[in-house]
Amino acid sequence: MNKEKQTPEQRREDLRRKELNNPPSSLRGSNLSDLVGSLGWRGTGILIILVVLGVIIYAVFFANGG
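The letter at position 18 of the sequence shown is residue 18 when you use my numbering, and the numbering goes up by one with no holes.
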């Protein structure tokens, strides 16, 4: 069927079928590359900085035995 001649209902039904054929990544299992790929380079950099700061703060407050 020609895309220009589809009614809105037909377009919605086509989109629904495509979504059913492609389950979300949470069902397949997610990994770090999915996260990094979705964030982009800025988001990845911010995530790395936050992890490093978290490790430093943990070491300062909890590594001295209390």
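Just so you know, the hints here were simulated from the structure itself, not pulled from any lab data. Check each hint, because a few of them may be wrong.
[Stated by the list, open to error] In silico lysine to any residue, SDA-like type, Cα no more than 25 Å apart, as pairs:
{"#": "1", "residue 1": "18", "residue 2": "41"}
{"#": "2", "residue 1": "5", "residue 2": "21"}
{"#": "3", "residue 1": "18", "residue 2": "31"}
{"#": "4", "residue 1": "5", "residue 2": "19"}
{"#": "5", "residue 1": "5", "residue 2": "16"}
{"#": "6", "residue 1": "18", "residue 2": "42"}
{"#": "7", "residue 1": "18", "residue 2": "4"}
{"#": "8", "residue 1": "18", "residue 2": "8"}
{"#": "9", "residue 1": "18", "residue 2": "34"}
We went through each hint and held it up to the structure:
1. Taken as a hint, the residue 18 and residue 41 pair is broken in the structure, with Cα atoms around 29 Å apart against an allowance of 25 Å.
2. For the hint pairing residue 5 with residue 21, the CA-to-CA distance comes to about 24 Å; that is within 25 Å, so the pair holds.
3. Annotation: proposed proximity of residue 18 to residue 31 holds, straight-line Cα distance about 23 Å (limit 25 Å).
4. Between residue 5 and residue 19 the alpha-carbon distance is near 22 Å, which keeps this suggested pair within the 25 Å criterion.
5. About 18 Å separates the Cα atoms of residue 5 and residue 16, which keeps this hinted pair within 25 Å; it holds.
6. At most 25 Å may separate the alpha-carbon atoms for a hinted pair to count; residue 18 and residue 42 exceed this at roughly 31 Å.
7. Of the supplied pair hints, the one linking residue 18 and residue 4 holds, its CA atoms being roughly 18 Å apart against a limit of 25 Å.
8. Distance check on the hinted pair: residue 18 and residue 8 sit about 15 Å apart at the alpha-carbon level, within 25 Å; holds.
9. Using a Cα cut-off of 25 Å, the hinted pair residue 18 and residue 34 holds, with the two alpha carbons roughly 20 Å apart.
Checked against the numbered hints given earlier, this structure breaks hints 1, 6; the rest are met.
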